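Q: Protein chains in written order, with my numbering: chain A, 1 to 253; chain B, 1001 to 1226.
No lab work stands behind these hints, which were simulated from the structure alone. Fair warning: there could be bad hints in the mix.
As the list claims (entries may be wrong) - Computed cross-link-like contacts, DMTMM-like style, restricted to lysine to aspartate or glutamate with a CA-CA straight-line distance of at most 20 Å:
1. A:K90 x B:E1163
2. A:K159 x B:E1163
3. A:K244 x A:E234
4. B:K1160 x A:D153
None of these values were measured; they are calculated from a predicted model.
One letter stands for each residue in the lines below.
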Amino acid sequence: MSINLEREKAVLPGSGLTETRGENLSKVLFGASAISMLVSLYFIFIFAAEESTMRAAQKIFYFHVSSAWLAFLTFFVTFVFSILFLIKRKRIFDTYAYVSAEIGVVFTIIVLTTGPIWARSAWNTWWVWEPRLITTLILFFIYVAYIMIRQMDGVWDKKARLAAVFGIIGFADVPIVFFAIRWWQTKFHPIVFGEGPSQKGGGIEDTMLVALLVTITAFTILYSYLLHKGVSFENMKIKVDQYKEKLRETLDK
Amino acid sequence: MNLFRTALLLAKKDLYSELKTKQILVTQIIFAGLVIVVFSFAFDPANNTTKAVIPGVIWVIIVFAGILGLNRSFISEQRNDTMQGLLAAPMEAASIYFGKFLANFSMILVVELVSIPFLFLLFDFKFFGSLPYFILVIFLGSFGFIAIGTFLAALAANSKSSEMLLPLLLFPITTPILIGVVQATKIILTNMEKLPSAIAWIQLVSAYDVIFFVVCFLLIDYVLEV
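Isolated chain A (complex conformation) (with noise of 0.2 Å):
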């Protein structure tokens, strides 16, 4: 639609990029994001008791969950970062948006295999069609769909722009989906905190309930470590093709 009218990759312009500063702050985060996984190790199967029907097939419940959480949360700042992108048209917006639904796809793999590990042992099935799960599956599918936008050819900000605009949609059909399936059948999945309408969650026990908040507290460090990195590495490639692209121009006169 959109004619290239520049090209498909700028020269580096005068200013050039900003320096990265955030050298301490990487090291800040990959330390932190070490220590409260080990620390998160400690509370899975030490601290927190062992749950009485499932033992200690219930431990990957930790990681499940919180992959889940991340899953959700990383699209969450995908979609504020491609609402940003629109409005401010800045490149960074851009550059934090496909990083964010890049860790969440890989997220969302995990919580798509450690699923059904977890269900074969606890529902002794790999795979039901159940609200969370199918919910899970779509949204899966749906970043993928916005990955594959950003692989298109053509000018970045042409690229940006519809990824951002299909991260916005893409967002927004999640909560429908959801409702649609949970409406359609209802089974399964406990629900765990609270008691719910229809199934009176077994709840859970305090020392499980601390071990899952750590283990959400060393996940979402590791995930601000990983935006953290990936952005700087799609700043250097954007670097790197602009010089590439200033050599070029010079070997062209």
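With chain A's structure known, arrange chain B on it following the hints.
A: Just chain B, lined up with the frame of chain A:
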């Protein structure tokens, strides 16, 4: 009011050129017929349990035939290099979207009008349900599907492989509509006692239609930007 007038003009132009070439509509209808034939191999029409899959088959036909039309609607403009003309014309991006939507929607309605009776005929399906409700469900479902489909077709048209990209974008986004309309159609065709539940599904689909129609109107400016 200018928005609607230009949109109608654009839809008229699309339908008129379709009337002259008959490219898309004929392909869609023949394709719908082929899907029915494939389904007759997959599910034995003589078997009574086949009746249970009819509501699903109706929507598979609409979705696949619809995708064919949606793919063409913006690609044809690009192929003739008329997209820039449309963008440069004194009208808003929203009216381009609305015009394309009207053209696609009327085409899919024609496809439905031909293929659904044909399906009932070939599968020897006796219609017991309520016809007004059935038409309402078909109308609302196609409306939502085409509304979001036209929008995503405009988005995918930027890619060189838009025919492959569009289904990948469209199917996950339209899952709520597809679940809703298939359930509602099933209830209306086979089990009229559960009508309140069908009405609940119709409400869900209508809510989706309204939300996404508005969102598409707001965001189309960003998609059809030069």
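Q: Next step is simple, just say for each hint if it's right about the structure.
A: Hint check results:
{"no.": "1", "hint": "A:K90 x B:E1163", "in the structure": "30 Å, violated"}
{"no.": "2", "hint": "A:K159 x B:E1163", "in the structure": "17 Å, holds"}
{"no.": "3", "hint": "A:K244 x A:E234", "in the structure": "15 Å, holds"}
{"no.": "4", "hint": "B:K1160 x A:D153", "in the structure": "7 Å, holds"}
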